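Letter by letter, the chains look like this.
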Amino acid sequence: MSSLLVAHTRYLLLEQLRVPIGLVASAFFPAASMLAFVVPFAGQDPMAATQATGSMMLIGAMSAALMGLSITVAQDRELPWNPYLRTLPAGPLPRFAGRIITTMITMLVATIPVLLIAALFTEATITPPKLLLGLLALLGASVPFMLIGLFIGFVLPSKAAIGVSQVVFFPVAILGGLFMPPQIMPGFVQAVSPYVPARGAGELLWAVTAGSTPNTVALIMLGVWTVAAALAAGWAYKRDEGRRFS
Amino acid sequence: MTVLARTVEATRRYGDVLALDHVSLDIRAGELVGLLGPNGAGKSTLINLFVGLRRQTSGTVELLGGSPQDPVVRRGIGVTPQETGLPESLRVGEIVDFVSAHFPERADKTELLGRFGLDGLVKRQIGGLSGGQKRRLGVALAFAGNPRMVFLDEPTTGLDVEARRALWDGIEDFHERGGTVLLTSHYLEEIEALAQRVVVVGHGRVLADDTVRAVRDMVGVRRVSLDADHLPELPGVLATEREDGRIHLVTTDPDQLVVELVRSGAPFSGLEIRPTTLEEAFLAITAKESAHV
Chain C
2 MSSLLVAHTR YLLLEQLRVP IGLVASAFFP AASMLAFVVP FAGQDPMAAT
52 QATGSMMLIG AMSAALMGLS ITVAQDRELP WNPYLRTLPA GPLPRFAGRI
102 ITTMITMLVA TIPVLLIAAL FTEATITPPK LLLGLLALLG ASVPFMLIGL
152 FIGFVLPSKA AIGVSQVVFF PVAILGGLFM PPQIMPGFVQ AVSPYVPARG
202 AGELLWAVTA GSTPNTVALI MLGVWTVAAA LAAGWAYKRD EGRRFS
Chain W
838 MTVLARTVEA TRRYGDVLAL DHVSLDIRAG ELVGLLGPNG AGKSTLINLF
888 VGLRRQTSGT VELLGGSPQD PVVRRGIGVT PQETGLPESL RVGEIVDFVS
938 AHFPERADKT ELLGRFGLDG LVKRQIGGLS GGQKRRLGVA LAFAGNPRMV
988 FLDEPTTGLD VEARRALWDG IEDFHERGGT VLLTSHYLEE IEALAQRVVV
1038 VGHGRVLADD TVRAVRDMVG VRRVSLDADH LPELPGVLAT EREDGRIHLV
1088 TTDPDQLVVE LVRSGAPFSG LEIRPTTLEE AFLAITAKES AHV
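From first to last, the protein sequence lines stand for chains C and W.
Residue numbers for the first sequence, in this note's numbering: 2 to 247.
Residue numbers for the second sequence, in this note's numbering: 838 to 1130.
Since the hints were made in silico from the structure, they are not lab data.
None of the values given here were measured: they were computed from a predicted structure.
Among the hints, erroneous ones may be present.
To be verified - Label-pair restraints from in silico Cβ distances:
(1) W:K946 with C:I221: 47 to 57 Å
(2) W:R961 with C:V218: 47 to 57 Å
(3) C:P130 with W:V909: 39 to 49 Å
(4) W:G965 with C:G235: 33 to 43 Å
Stated by the list, open to error - Residues of chain W clear of chain C, computed beta-carbon distances all greater than 12 Å:
(5) D853
(6) D863
(7) I932
(8) A1065
(9) V1099
(10) G1107
C-beta: ideal position from N, C-alpha, C; glycine also.
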């Protein structure tokens, strides 16, 4: 069982590395935003810089989870290779878990440029244990986005998944206060913000890395989103299986 | 002999479409069975039931004494992916390793690639292979886990004659060492060359199931060949073919055909009546079936 998990993860990672556009997209965007917005505007304030670094890491992770996962899953479903894999002696689990692990590795790789920029060009500070906790929080907080990515990937054809995942990604990241701190956003955005999953994920990350007090509503909503996205992804997976393999 | 794959009254519907209609079939250890049928006859559905991709609507499907849905049971079989489906960015060796990882008994990678004429391509990316190489790699993957039985769906489609022969050798070699094969093909010549037993399916049913020779004979069709410039409409002709000035007519009643031909007064020469090829038998069987529907 575990050797199958290794085989599937290895295979998916190789694919990811050979055609690294997904990896580059996930790593480039937050790094560029970091240089354009965080370094000039929040770089001098340790607390703000640390929080903003967390936000940018989250943006990279969200991109890998929402866009990367949804597009690869949707593309997989369209390839004749997919039914072939189903004839191999393995259940759906190794491939599924392999996908999640590959996405998590992409997320972690995408944090490297952000962390380097934060260390070199800003006053952001963090201790190694807090950094480790932050990375764990990042992976944990990404779970609902991975589930939403799976949902989109199982429901839509790949061309539609590319568009829809972007349409979901940007508003959620903006409303969640990842591009600008929630405190300086207009009143109605502040009112809506705690209800989008990116805000809860951000609050978690800021609390762990910069020691801020998290917004309770946002954290509860993150839990609600996780459960809802898990149900939706589970439903979409079953529906897809039933339509093509029953 | 042990039955490796079996359906009993297996029926499969897709909504209103009846893809398989109470099909009962046994494939015994060591057999090399050719599955024939026009497109949409139910060949793919039957294979999909055997390899666990689809579930029957009713009836039973058994594989190696268990259910095809059980991954452990599928350790004993090998399947060919469609040629277009191989992951382009992976290397040949990597994809063989990946598929092999699923099986307890693995074929030696170098030997396997050699068997299908892919020596020296271990490090090549799949995207850089020719169409024929991809096709052979796909077939080789079916043998990666040293299976007891392989399902080869159109294994040589799109291959040139030489590459096809090489693949046949690989398949025959497996069969000679006791392996069981279920093969579909567009090329009846291929079934004729490889298979001992032929199963003809049409409209979701088994229309014929016998040795290649018996299927050829059973329909009683004959090929009537002659030289003529022009032929009138003749009764009982299932198929007409022109080749280098000769006309070949496939019929179930050659005597009647010749009588009508003489009666029509059309000039002809070089009359010859021969037993049919499998292809002609196949045409006759499926044509008869359509006539009933």
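Hint check results:
1. W:K946 with C:I221: 47 to 57 Å: Given about 53 Å between the Cβ atoms, the range holds.
2. W:R961 with C:V218: 47 to 57 Å: Because 56 Å falls inside the window, the suggested range holds.
3. C:P130 with W:V909: 39 to 49 Å: holds (44 Å)
4. W:G965 with C:G235: 33 to 43 Å: This hint holds: roughly 39 Å between Cβ atoms.
5. D853: With a cut-off of 12 Å, D853 (chain W) remains clear of chain C, as the shortest Cβ separation is near 16 Å.
6. D863: holds (21 Å)
7. I932: violated (8 Å)
8. A1065: Holds, since 47 Å exceeds 12 Å.
9. V1099: Consistent with the label, V1099 (chain W) stays out of reach of chain C, its closest Cβ about 54 Å off (over 12 Å).
10. G1107: Since the minimum Cβ distance to chain C is about 48 Å, G1107 (chain W) lies beyond 12 Å and the statement holds.
Going down the numbered hints, you'll see the structure goes against just number 7.
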